[in-house]
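S.K.: The primary structure of each chain is shown beneath.
There are 2 protein chains.
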Amino acid sequence: MKKLMLALVGVTLAASAAAQMKPEEAIKFRQSAYATMAWNMHRIKDNVEGKYNKDEVIKAANVIQSIANSGMGALYLPGTDKGKGWVETRVKPELFKAENKEKVGKIATDFNREANEMAKVAATGDAAATKAQFEKLGGSCKACHDDFRTKE
Amino acid sequence: MKKLMLALVGVTLAASAAAQMKPEEAIKFRQSAYATMAWNMHRIKDNVEGKYNKDEVIKAANVIQSIANSGMGALYLPGTDKGKGWVETRVKPELFKAENKEKVGKIATDFNREANEMAKVAATGDAAATKAQFEKLGGSCKACHDDFRTKE
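Chain order of the listed sequences is L and V.
Those letters in the first sequence? Residues 316 to 467, by our numbering.
Those letters in the second sequence? Residues 316 to 467, by our numbering.
These aren't lab readings, by the way, just hints derived from the structure by calculation.
Be a bit skeptical, because a hint or two may be false.
No copy is singled out in the list; a pair is fine if it fits within one copy or between any two copies.
With a straight-line cut-off of 27 Å between C-alpha atoms, the simulated BS3-like cross-links for lysine-lysine are [claimed, not checked]: (1) K399 to K466; (2) K399 to K337; (3) K451 to K466; (4) K446 to K337; (5) K374 to K416; (6) K412 to K360; (7) K369 to K412; (8) K374 to K399; (9) K457 to K374; (10) K435 to K399; (11) K397 to K418.
Remember, it's a predicted structure, so these values are computed and weren't measured experimentally.
So that you can see chain L by itself, here it is in the shape it has in the complex (with noise of 0.2 Å):
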């Protein structure tokens, strides 16, 4: 009795945190997230493709790979499934909806380890390596718009 009691005094917390987040910041800080990524998606691919400096991916993987371990699924709210942050929400209803939990799940674990690895690669100095891994990173990104993104 008394876990459960704490089990629902648990909830009644995480519900009240969530409470304090609107909707629309919400999905704000998620495309926020998301744009930051991009911006620093762009340039690894810039120096992948140009000439390459080190450092650059080493602070852009960073950035990368600290906004995929920090717990994004937070901003996904309940109500958050459609409204306006910046601009009007791409994600899916779908993403939300409990018969697509383990696929979302396994979508997130492989971007997190992919992020990660991003970040290794990056700490290497090697330009091929470093080539090799966006691409997989970049796919792990796919997985994710493909099936939960509406198209622009």
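Keeping the supplied structure of chain L fixed, place chain V upon it in accordance with the hints.
M.R.: For chain V alone, kept in the frame of chain L given last:
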């Protein structure tokens, strides 16, 4: 002469890299990075004012640190003293003026130092120290907002 030519090549390459990014993209990426940091500042604040979750504070501080060290200066391209990213930029043209270069440099250095310190303190899990460092970090954000960002 060779030195001068190399210097000129350097300038040309920098200009060409900068030319790849449109002013509106640079402004959008800037706004996104600041909003991503704002999300994570809110998270640290919630933790020091409420129930302290060490892991969440570490994640949040790591995001702020990586963005602080990402080289956002590259997003302050010529021609981005006004214009629209997600929304109209709030930067004051004063930020770009040669006479303020030293002041802006100090603000950026202070912010970097406090963000790096924030990540170190977060890793200790010491809630009181986190609170103190969070305030110092916030102060370093405010220094720029006071002088170089328009009021809403």
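S.K.: The structure should be examined with respect to each hint, and the outcome stated for every one.
M.R.: Status of the hints after comparison with the structure:
Proximity of K399 to K466 under the C-alpha cut-off of 27 Å is found in both arrangements, the shortest distances being 16 Å within a copy and 23 Å between copies. Within a single copy, K399 and K337 get their C-alpha atoms as close as 11 Å, and across copies as close as 24 Å, so both meet the 27 Å cut-off. Taking the shortest Cα distances, K451 and K466 sit within 27 Å of each other inside one copy (21 Å), while across copies they are farther apart (42 Å). In this homomeric assembly, K446 and K337 come within 27 Å of each other (Cα to Cα) only across copies, at 24 Å, whereas the closest approach inside a single copy is 39 Å.
Within a single copy, K374 and K416 get their C-alpha atoms only as close as 32 Å, which misses the 27 Å cut-off; across copies the closest is 23 Å, which meets it. Proximity of K412 and K360 under a CA criterion of 27 Å is satisfied in neither setting, with 34 Å inside one chain copy and 31 Å between copies. With identical chains, the CA atoms of K369 and K412 are never at most 27 Å apart, being 41 Å at best within one copy and 30 Å at best between copies. Taking identical chains as interchangeable, the C-alpha atoms of K374 and K399 lie at most 27 Å apart only when they sit on different chains, with a minimum of 26 Å there against 30 Å within one chain.
Both within a single protomer and between protomers do K457 and K374 lie at most 27 Å apart by alpha-carbon distance, with minima of 22 Å and 24 Å respectively. In the homo-oligomer, the alpha carbons of K435 and K399 never lie at most 27 Å apart, since the shortest distance is 35 Å inside one protomer and 35 Å across protomers. For the identical chains of this complex, K397 and K418 are intra-copy neighbours only, at 20 Å inside a copy versus 43 Å across copies, given an alpha-carbon limit of 27 Å.
In this structure, the earlier hints numbered 6, 7 and 10 are contradicted, and the remaining ones agree with it.
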